[in-house]
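Dock chain U against the given chain E, drawing on the hints supplied.
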Amino acid sequence: MHANQTRRFAAIALALLAGLFVPGTAAGQDPAQPAAPAQSRPNAGQRLALEVFGGAGINWPSATSSFEAVDLDPRPVEFGGGARVAGIWRDLFAQVSGGRWSETGERTFIDSTGTRFPLGIPLNVKATYVDVSVGWKSGFRTRSGGTALWSYVGTGVGAAMYAEDSPFAEPGEDLDTRSLSYHVLAGVEIPLFKGLALAVDARYRYVPDVLGEDGVSAVLGEDALGGLQTSAGLRLGFGGRSSSRVQEPPRRPFVAEPRKEPKALPTVEELDAGVILETAPVFLLPDSTRTPLRMLPPGTPVTVLEQNETWIRVQFYDPQLGLRFGYIERKFVRIRKQEARAPDGAFSGTTRTG
Amino acid sequence: MYLRLAGLFAVVTAAALVGSAQERPERPSGPNGRRQSASPPLSHKQRTHDVPTPGFLGGIRTEPAPQIALDTTGMTLSLPDVWDVDPSTGAQYRRGEVLVRFRDDFDAIARVRALQTTRGRRIVRTLPANWTVVELESGVSPVQTANALRAMPEVEEASPNFRLRTQQFRPNDEFHHLQWNFDAINMPVAWQINPGAASDVLVAVVDTGVNAVTDTFVFFSPIGQIPVRFAAVPDLVTADRIVSPYDFIYDDEFPLDLGGHGTHVAGTIAQQTNNTTGVAGVAFNVKLMPLKVISGGSLSSWDDILNPGNRGGTVEIVSQAVRYAADNGAKVINLSLGGPGAAPTLRDAIAYAVSRGAFVAIAAGNSFEEGNPVEYPAAYGEQINGAMTVGAVNRSMRRAEYSGVQPYVEICAPGGEVVSNFDFEGGITQIGYEEESTLSFLTALGKELALRRGFRPRFDRFEIRPLSGTSMAAPHVAGVAALLYSQGIRSPSAIEEAITRFARPIDATADQCGAGLVDARRSLRGLGLAR
Chain E
4 MHANQTRRFA
14 AIALALLAGL
24 FVPGTAAGQD
34 PAQPAAPAQS
44 RPNAGQRLAL
54 EVFGGAGINW
64 PSATSSFEAV
74 DLDPRPVEFG
84 GGARVAGIWR
94 DLFAQVSGGR
104 WSETGERTFI
114 DSTGTRFPLG
124 IPLNVKATYV
134 DVSVGWKSGF
144 RTRSGGTALW
154 SYVGTGVGAA
164 MYAEDSPFAE
174 PGEDLDTRSL
184 SYHVLAGVEI
194 PLFKGLALAV
204 DARYRYVPDV
214 LGEDGVSAVL
224 GEDALGGLQT
234 SAGLRLGFGG
244 RSSSRVQEPP
254 RRPFVAEPRK
264 EPKALPTVEE
274 LDAGVILETA
284 PVFLLPDSTR
294 TPLRMLPPGT
304 PVTVLEQNET
314 WIRVQFYDPQ
324 LGLRFGYIER
334 KFVRIRKQEA
344 RAPDGAFSGT
354 TRTG
Chain U
13 MYLRLAGLFA
23 VVTAAALVGS
33 AQERPERPSG
43 PNGRRQSASP
53 PLSHKQRTHD
63 VPTPGFLGGI
73 RTEPAPQIAL
83 DTTGMTLSLP
93 DVWDVDPSTG
103 AQYRRGEVLV
113 RFRDDFDAIA
123 RVRALQTTRG
133 RRIVRTLPAN
143 WTVVELESGV
153 SPVQTANALR
163 AMPEVEEASP
173 NFRLRTQQFR
183 PNDEFHHLQW
193 NFDAINMPVA
203 WQINPGAASD
213 VLVAVVDTGV
223 NAVTDTFVFF
233 SPIGQIPVRF
243 AAVPDLVTAD
253 RIVSPYDFIY
263 DDEFPLDLGG
273 HGTHVAGTIA
283 QQTNNTTGVA
293 GVAFNVKLMP
303 LKVISGGSLS
313 SWDDILNPGN
323 RGGTVEIVSQ
333 AVRYAADNGA
343 KVINLSLGGP
353 GAAPTLRDAI
363 AYAVSRGAFV
373 AIAAGNSFEE
383 GNPVEYPAAY
393 GEQINGAMTV
403 GAVNRSMRRA
413 EYSGVQPYVE
423 ICAPGGEVVS
433 NFDFEGGITQ
443 IGYEEESTLS
453 FLTALGKELA
463 LRRGFRPRFD
473 RFEIRPLSGT
483 SMAAPHVAGV
493 AALLYSQGIR
503 SPSAIEEAIT
513 RFARPIDATA
523 DQCGAGLVDA
533 RRSLRGLGLA
543 R
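In order, the protein sequence lines correspond to chains E and U. Each residue of the first sequence is one higher than the last, beginning at 4 in my numbering. Each residue of the second sequence is one higher than the last, beginning at 13 in my numbering.
The following block holds chain E by itself, in its conformation from the complex (with noise of 0.2 Å):
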């Protein structure tokens, strides 16, 4: 391992560790939009969910003049894929990934002034990772609610499997070798369906002790097998937060907070009106999953008691059960406001039960 590429290795990763616990700007937001608040907040609610990925990329790899003096494609296509297991605790997840590619260069001589002599014998290479990775992934969605995208940060360690063959050689001389490596990635995922994502992911992985004491790699100076690595595949998820719940809001559980010190409660006449726009439901908690307690038809006025960004409290007249309380979302309704209202802001919980 050579001490300056190991350093400035562990400093790109402790950077990008750092940064796994800074909240991920809204990639995908409009940017003639101010900016929205972070959609991705701590959820200790969160489900796992597993990820199964595959794509290709091109490698751009760190010993490329090596790469080219033995005629090698200088950026390789490396075909691979993976599966992740997020959130494990908030946003952190953890993944298996791997990954090969393969290429037929051509033996060659290099004098020592770097004159290049190709020598028509053929050069077989293959390098296979291996990697165990730990990051960070942050979902945003734009102001409207629509289009919405995963990004994730990470990095990890892994074994490479390097081998290399040609023609003419004596036991002993062809290579097929494995190291540890180490790498740190990046990459953003753009939901397509229903559990299916598009995935945009770069890596740089430092590879050493393989490359750099014979061959061309010591003749050039190049010690370091990985590199650059671009992909892009389809990232499918099962279970937890899967893509196609990202453009959703979270939502909200009705948890008891502490009670403040109630103001004076509203009269009824200070209440917001509602009017009900279509057949709603009405529940007994801000859950569209529970029964319903009742089927309210179109017209139906109900009083606005609290409301949030999703759910309005109502009271409402039952034709067998008289006055009731309940839930409904704030899309069946309509509200005239009255000039003294009720603050906003999240329910209580304890109050004005039903």
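Mixed in with the good hints there might be a few duds.
What the hints assert, rightly or not - Chain U is faced by these chain E residues, among others (derived, beta-carbon under 7 Å):
| id | residue |
| --- | --- |
| 1 | S69 |
| 2 | F112 |
| 3 | L214 |
| 4 | L326 |
Don't read these hints as lab results, they were simulated from the structure. Being a predicted model, the structure only gives us computed values, none of them experimental. Just so it is clear, CB atoms sit at the ideal spot from N, CA and C, and this is done for glycine as well.
Below, chain U alone, put in the same frame as chain E:
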């Protein structure tokens, strides 16, 4: 002893003295623009255009080789002959067998039926991956059967049981087995990478000459007009192979070898190979430029008897020859010569040749046991990037006891160590003159006496000769350089670097063998990405 030998060979000599009566051909301009004179005294030798007696030429040795007399009448070879040959490819296959891979979805009965329809007798063995070895009925052609089987739905693949062979190239030259020196520098695999270089590579052998013509030349010696027969070196000189030959001693284009040294050296570089004849050479496809600059292998050469006082071996004409080689397209120059006298003129000539793109291999010298003096031009090899000074190793891959030990030794190659005239075990085996025809073992006095008694040396009879010396080592490096040039390394300095970098370490110090033993395979194979 001399009288006995002279008397013995005098009766063999039958060449006619016809030279003086024939018209001399007009000679081309020499390298210095000198017009060749038609008058005998200036050149000391004259071509006769005599056609030698058939039977003396083309063979390696005209004397009957030691043979075991075996009468094979009525005998048959007891080894089983189980191989046939596919006439379309020349591939051998085992008689009466085919290899068949059946499809998975056919059971054993279907398979047997399929075989029966193609006259398969039985399944002899089953192999992994659904392959079987099928024995055919007597007289059935495996090639045709395999074709028929391939067309059947039950069969996925079928082929005769072809015979494979090792891919290592082993020349089939009759005496190649004596050439341990080529195995030592990894030539068998090197020949697979580059089979003998290309014919566009021209190698100059600045030495005692190489017979490129078959004729009788008359030498105008102090003893009188001596007719001497020459033959183009068999297995070395072929049509269009000799390019711009020149004799810098006699100043003509017939660099006749009166010692055998140049022939032996040229053979190591370029002897025709894999033609069932003689021995092999490193770069057997190259073109040769024989340049005669030195009179025989020793001071008692026939040149010194037939043309006393000649300028052979002087720095002046060696330098001339080196420049001539470079100017006439030589890409490799071999200098298996040297001495203890400094030769700055030759140093400049070598530097000039390198600047013209010619790699120069120089023998390190054989005087270790005579005080290990500094030798020239060997000492210049280290100073000139693109010229290499070559020491010699013996068959044990240790420095040969005669090989000079000096800091200018850059590389070693097999030079051998002979303890007798026919020490094939220890020497470097190449083509040379039949000793009885040249009496090369005689001193100058002995040769003159033999000549006066009627003996006529002849240089048209060849045999396989083991020699040793750094003179024999240098052409190995020259040959490898020719291969490297043909492989694409066209800069003399890069050739030197490639030879040095890929030299094999041996048990020798740096001043004995420089970087080690030249390794043709490794040099030609070059570098990979990580190896």
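Here is how each hint holds up against the structure:
1. S69: holds (6 Å)
2. F112: At 4 Å from the nearest chain U Cβ, F112 (chain E) passes the 7 Å test, so the hint holds.
3. L214: With a minimum Cβ separation of about 5 Å from chain U (threshold 7 Å), the hint on L214 (chain E) holds.
4. L326: At 76 Å from the nearest chain U Cβ, L326 (chain E) fails the 7 Å test, so the hint is violated.
Hint compliance for this structure: hint 4 is the single one not met.
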